[in-house]
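Peer 1: Residues in the sequence shown are numbered consecutively from 1, following full-length UniProt numbering.
Hint data in this document are derived by calculation from the structure and do not stem from the laboratory. Every value quoted in this text rests on a predicted model; they were computed, and no experiment measured them. Glycine included, each C-beta is placed from N, C-alpha and C at the ideal position. It is possible that some hints are incorrect.
Stated by the list, open to error - Have a look at the derived ranges for each label pair, beta carbon to beta carbon:
id, residue 1, residue 2, range
1, ASN106, HIS160, 26 to 32 Å
2, GLY74, ALA299, 55 to 61 Å
3, SER66, LYS339, 23 to 29 Å
4, ALA299, GLU103, 24 to 30 Å
Unchecked claim - Below, simulated BS3-like cross-link-like pairs (lysine-lysine); rule was C-alpha separation at most 27 Å, straight line:
id, residue 1, residue 2
5, LYS372, LYS345
6, LYS257, LYS226
7, LYS345, LYS360
8, LYS238, LYS276
9, LYS239, LYS257
10, LYS339, LYS381
11, LYS226, LYS238
12, LYS167, LYS313
13, LYS360, LYS348
14, LYS345, LYS257
15, LYS339, LYS307
16, LYS143, LYS167
17, LYS381, LYS360
18, LYS348, LYS257
19, LYS345, LYS239
20, LYS276, LYS307
21, LYS348, LYS313
22, LYS348, LYS430
23, LYS372, LYS313
24, LYS257, LYS381
25, LYS143, LYS130
26, LYS167, LYS107
27, LYS339, LYS360
28, LYS372, LYS356
29, LYS239, LYS313
30, LYS307, LYS381
31, LYS307, LYS348
32, LYS238, LYS143
33, LYS356, LYS345
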Amino acid sequence: MRQLLRNEGKSTAIEVHCANVLKAIISNRIFKVQINDYIEDALRLSIDRLPSSSWNLRNAYSQLFSAITLRIFGPQNLNKLGTGMSAFEFFTTYQSLYSLFLEILNKFEPSNQQSVDRATAVSAFLCHIKPTKLSATDKFCLKSFIYPLHYIAFTSHSDHTRTFAVKAIRCLFQVDSLAELMTHEYLIMLDDIHGLPFGWITSLCQIIHYIVNEADATPKLETLLKTITVAFDDLLEKKELPDLIVYYILSVYLELKRGGRSVCLETVIRCLRSGKMSRCLASTEILTELLHDGVDDVADFPDQLAKSIIQRKHQESGEYSDGNTVQNKCSGDELILNKLCAQVKEGKDGWNDLEKILLKPSLVQISLQKLKELIEINEEKAVQVLAVFLQDEQRAVRQTASDIIIYSHLLPKINFVLFPRVTYTLIASKYPHIPSFVQERSSVQFDDSLMVMPTSLEQRVFEEVTQNTFSEPDIFEFEKESIESFQKLL
1 MRQLLRNEGK STAIEVHCAN VLKAIISNRI FKVQINDYIE DALRLSIDRL
51 PSSSWNLRNA YSQLFSAITL RIFGPQNLNK LGTGMSAFEF FTTYQSLYSL
101 FLEILNKFEP SNQQSVDRAT AVSAFLCHIK PTKLSATDKF CLKSFIYPLH
151 YIAFTSHSDH TRTFAVKAIR CLFQVDSLAE LMTHEYLIML DDIHGLPFGW
201 ITSLCQIIHY IVNEADATPK LETLLKTITV AFDDLLEKKE LPDLIVYYIL
251 SVYLELKRGG RSVCLETVIR CLRSGKMSRC LASTEILTEL LHDGVDDVAD
301 FPDQLAKSII QRKHQESGEY SDGNTVQNKC SGDELILNKL CAQVKEGKDG
351 WNDLEKILLK PSLVQISLQK LKELIEINEE KAVQVLAVFL QDEQRAVRQT
401 ASDIIIYSHL LPKINFVLFP RVTYTLIASK YPHIPSFVQE RSSVQFDDSL
451 MVMPTSLEQR VFEEVTQNTF SEPDIFEFEK ESIESFQKLL
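Let the sequences and hints guide you as you build the complete structure.
Peer 2: As structure tokens, this is what we get:
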């Protein structure tokens, strides 16, 4: 093992062979006990050699790094942060890695590709650790990691590196501790933001989403959020920002608004009227959500956004619009729907009648919009109706219903979009009465002749995109595995 771990004087071919042998030994369960003393040296070697100029070396050491990670932590659960190993347990077991990781992170330089590669590897490795309540006097103080990780998240030019740094921050620090530790530092950073690459905004937005959703409200946190919105307003007004950056900023505003916090949108409105944000078509839905209840004059807004806001206003007021003018009053069913929704929001009992009107085929799109609000008032009742839409004949309706459930945080936070029927199965496991409720109300007739039996996820994706009927009543094997994993988190 010692010979394998030495790389001085070896040719590229021999070094690649040694890395492959190390990987094979570390991956083999037979040597589980014997290799414990060599894990730290092997990890140090793999991180050190990752930035090699030779592709063969980079590939070999990347595989060695992955084998060591798997050997220590086991398979990673992508749907939750960290693993079962705490920071204290990890650094007590592998003590030399504490100083090694800190050294690599502190040496990070955005312009030095070797330091970027090593810092990316360490950040990715730290994503497997779950937070531990440790004081500043502990031998392995996690606070030592918070500043270099933030520096990487806010200065790296690589989106890949920033993403790992942000995730490592979320894994290592409990949200209240993070909010308390970093409030002062964020405030200082926001005074000098113009020298940073635009990527820092993406990282900050991801962290703020995490803090807003999880942390308890404190005066310090409110001060931080207010200062961040002021800094974002300054950026929107003075700089030409890429569309994706604008999207991230607006998503933070929307998160704050939905959380009941006051958000000043005067700068956003000025930028829209001046044409500065006319190209941000990807943000139309967010802007509609932000502005529909506070802006009356949309004459100077981009056409697509103006139409979207007008439609939303008339939808809520019970009128129909093509985006430019009100054409006619809504139908009797729509008036009844609006009236019943208002009664339910006031706390009155009207769900039985409301369910019937929500499920009328002519009101599907309006019903889905209403259910976004109703799910916050009565989760179980709203989910019952959404479960019916999850089995609708139209794929767009199924996916919209699935997105509403996922966005409402009723399921574990995940990193990819669920197929509607997987969402349905998860919801049914949470509310066992839903299948019978849906069966009584669903008009879908399953057509076995259209059934596609995919052998891979790609084929299933193709079927879901191309078929316009919900034709498979049964869950496939690969979906069952996903469902079982998610159910453990419910």
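Peer 1: Determine for every hint whether it applies to the structure shown.
Peer 2: Do the hints match the structure? See the list:
1. Roughly 20 Å separates the CB atoms of ASN106 and HIS160, a value that falls outside the hinted 26 to 32 Å.
2. For GLY74 and ALA299, the Cβ-Cβ distance of about 59 Å falls inside the hinted range of 55 to 61 Å, so the restraint holds.
3. Here the CB-CB span from SER66 to LYS339 is close to 59 Å, at odds with the stated 23 to 29 Å.
4. For the pair ALA299 and GLU103, the beta carbons lie near 59 Å from each other, so the given range of 24 to 30 Å is not met.
5. A hinted pair counts as satisfied when its Cα atoms are at most 27 Å apart, and LYS372 with LYS345 qualifies at roughly 13 Å.
6. At roughly 12 Å between alpha-carbon atoms, LYS257 and LYS226 fall within 27 Å of each other, so this suggested pair holds.
7. Note on LYS345 and LYS360: the hinted pairing holds, with a Cα-Cα distance of about 20 Å set against a maximum of 27 Å.
8. Under the criterion of a C-alpha separation no larger than 27 Å, the hint pairing LYS238 with LYS276 is consistent with the structure, at around 10 Å.
9. Restraint check: the Cα-Cα separation between LYS239 and LYS257 comes to about 24 Å, which is no more than 27 Å; the hinted pair holds.
10. The suggested pairing of LYS339 with LYS381 holds, with an alpha-carbon distance near 17 Å, which does not exceed 27 Å.
11. Restraint check: the Cα-Cα separation between LYS226 and LYS238 comes to about 19 Å, which is no more than 27 Å; the hinted pair holds.
12. The straight-line distance between the Cα atoms of LYS167 and LYS313 is roughly 38 Å, outside the 27 Å bound, and the hint therefore fails.
13. Straight-line distance between C-alpha atoms of LYS360 and LYS348 comes to about 22 Å, which keeps the hinted pair within the 27 Å bound.
14. Straight-line distance between C-alpha atoms of LYS345 and LYS257 comes to about 19 Å, which keeps the hinted pair within the 27 Å bound.
15. Of the supplied pair hints, the one linking LYS339 and LYS307 holds, its CA atoms being roughly 25 Å apart against a limit of 27 Å.
16. Restraint check for LYS143 and LYS167: satisfied, since their Cα atoms lie roughly 16 Å apart, inside the 27 Å limit.
17. Straight-line distance between C-alpha atoms of LYS381 and LYS360 comes to about 16 Å, which keeps the hinted pair within the 27 Å bound.
18. Restraint check for LYS348 and LYS257: satisfied, since their Cα atoms lie roughly 26 Å apart, inside the 27 Å limit.
19. Only pairs whose Cα atoms come within 27 Å are accepted, and LYS345 paired with LYS239 is rejected, the gap being roughly 42 Å.
20. For a cut-off of 27 Å, the pair hint linking LYS276 to LYS307 stands: about 18 Å separates their Cα positions.
21. Proximity of LYS348 to LYS313 is assessed by CA-CA distance (about 24 Å); at most 27 Å being required, the pair is judged to hold.
22. In summary, the hint linking LYS348 to LYS430 is supported, as the alpha carbons are separated by about 26 Å, within the 27 Å threshold.
23. For the hint pairing LYS372 with LYS313, the CA-to-CA distance comes to about 16 Å; that is within 27 Å, so the pair holds.
24. The straight-line distance between the Cα atoms of LYS257 and LYS381 is roughly 25 Å, inside the 27 Å bound, and the hint therefore holds.
25. As the CA atoms of LYS143 and LYS130 are separated by approximately 14 Å, the hinted pair is consistent with the 27 Å bound.
26. For the suggested pair LYS167 and LYS107, the alpha carbons sit about 20 Å apart, so the restraint of at most 27 Å is met.
27. For the hint pairing LYS339 with LYS360, the CA-to-CA distance comes to about 15 Å; that is within 27 Å, so the pair holds.
28. At most 27 Å may separate the alpha-carbon atoms for a hinted pair to count; LYS372 and LYS356 meet this at roughly 17 Å.
29. Between LYS239 and LYS313, the direct Cα distance comes to roughly 31 Å. Violation of the 27 Å bound is thereby established for this hinted pair.
30. As the CA atoms of LYS307 and LYS381 are separated by approximately 32 Å, the hinted pair breaks the 27 Å bound.
31. Between LYS307 and LYS348 the CA atoms are separated by roughly 33 Å; this puts the pair beyond 27 Å, and the hint is violated.
32. With a C-alpha separation of about 35 Å, the suggested pair LYS238 and LYS143 falls outside the 27 Å cut-off, and the hint is violated.
33. Distance hint between LYS356 and LYS345 is fulfilled; the C-alpha atoms sit about 17 Å from each other, no more than 27 Å.
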